[in-house]
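Asker: Residues per chain, in single letters:
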Amino acid sequence: MKLLQQFGRYILMLSVVFTRPNRWRFFWKHTFLEIDQIGINSLPIVALMSTFMGAVIALQTASSMESPLLPDYTVGFITQSSTILEFSPTIISLILAGKVGSNVASEIGTMRVTEQIDALEIMGVNSLNFLVLPKITAALVFFPVLVVFSMALSMFGGWLALLVSDLTTTEIYILGIRSFFNPFHITYALTKTLVFGFLIVSISSFYGYYVKGGSLDVGRASTQAVVSSSVAILIANFILTQLMLLS
Amino acid sequence: MIEVKQVSKSFNGQKVLFDIDHVFEEGQVNLIIGQSGQGKSVLAKCIVGLYEADAGQILFDKRNFTEMDRNERSNIRQEIGMLFQGAALFDSMTVEQNVMFPLQMFTKMTKAEIQARADFCLDRVNLAGRNKLMPSECSGGMQKRVGIARAIAMNPRYLFCDEPNSGLDPKTSIVIDKLIRDITQEYKITTVVITHDMNSVMEIGDHILFIHQGKKWWEGDRHSIINATNPEIESFVYASSFMKEIRSLLQKKAQ
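Listed in order, the protein sequences are those of chains A and B.
All letters in the first sequence, in the order written, are residues 1 to 247 by the working numbering.
All letters in the second sequence, in the order written, are residues 1001 to 1255 by the working numbering.
It should be emphasised that the hints constitute simulated quantities derived from the structure, not laboratory data.
Be careful, since some hints might not be right.
Listed next, the in silico DSSO-like pairs over lysine-lysine satisfying Cα-Cα at most 30 Å (straight line) [stated by the list, open to error]:
1) B/Lys1178 to A/Lys29
2) B/Lys1178 to B/Lys1132
3) A/Lys212 to B/Lys1244
With beta-carbon atoms standing in for the labels, derived distance ranges [stated by the list, open to error]:
4) B/Gln1014 to A/Leu194: 42 to 50 Å
5) A/Asn41 to B/Glu1245: 58 to 66 Å
6) A/Leu243 to B/Gly1167: 52 to 60 Å
7) A/Phe18 to B/Asn1131: 52 to 60 Å
Covered stretches of chain B (in silico footprint by chain A; criterion: 3 or more residues with CB under 8 Å from a CB of chain A, positions within the stretch not fixed) [to be verified]:
8) 1072 to 1079
9) 1215 to 1225
In this text, a Cβ means the ideal position worked out from N, Cα and C, and glycines have one as well.
Using the sequences and the hints given, assemble the complete structure.
Answerer: Below, the structure written as structure tokens:
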């Protein structure tokens, strides 16, 4: 019952978020700030994670390939498909749920408990639209960029690991990466990313905006935001995979 | 002038405000006083629309705020300035940007005009030249003054101050009180101050509403509150030993 109530409140929040901004100039300015805050600032962690995960995927695949019937380029192919289909869109989104989600929830939550949101409302500003819409827009614009960046680095990491370990050659790895490439998988991955980006920012904003109490409650809201957006990502991942790959 | 008619408010089935009727006069500092937890802040938040009253009407110069939709309320709110208990400055903006914010958001003033208005407001609260400070670099008293500067930036018709002296030393409190009184008289605005500070009551209380157990218990001015015989008011006014001493001195003088 409480979950249903929360969901209803979340939908009502979104109906207020998606209204015309008071001033477009402020909206664009905030959107660019948010792209920097939640997008560009996430580049280092995404780069680090992607390079190492790509390397590990490639090494694990190479180590478990014992059958001589499997062609050499299989390692490149598996690295490519697991990166595009699952690792970059889903795992990176889960990492971003932790980094961006807690940041958004604690920022908005702190504004709530220090009455900054009340101050906006008193001035006549639609605080939800003012605070949340630029964050959602920034996520929708920049998360796909992060995921494409992650895909490239993951495959680069795989190549580097295989080369250093002398398990394959560059030509064979590239052949593997290009083998059976399905462009629809990129559409699928980017669609997932857009949905995940929206879920992370909107759910985290929801927990931050409706926080009550003090700093402890902001911390609690931040944790709840990360947990809930991670669960939402996993559920959405399952539904989108059913809808886009199997139907 | 703000009229409050039969306003009630409950939280989770617990009634906090009981049919409050009151008029906050223009050009005067109207105080809402009472002990903590009696409903002062709830009443003020109902008036400005941060809480929705369960029943009753709130009229801003005969305009019924309770029946307005979000857009109409937004227009009225541009006529309201509010100083929050913790100042509620936007901590990612400088002092100057805080003051400029409502002007940039709601007016069509040029950059130069906005700058001039912000400078004027900061000068009015004796903060000229502090434009580039961040809120975290300001003392409590300075933050309150920036809050006042931001509240008056749009030339409001109504000014709300929620415990403007909380956390301030007595000397700074007097500065803030004087500022509120001067601005009220200068711009002929309707000012509503929520406080439980007796110094403020005696300093600026033109018109006082005493709330007790969510009900309107008493109204009067700073002169009449001293002689009020109501036991709840007496225990509030003469709660400190300093005030008790003053009372005994006054009584001795009268004899």
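Asker: Can you name, in rising order, the numbers of the hints this structure does not satisfy?
Answerer: 1, 3, 7, 9
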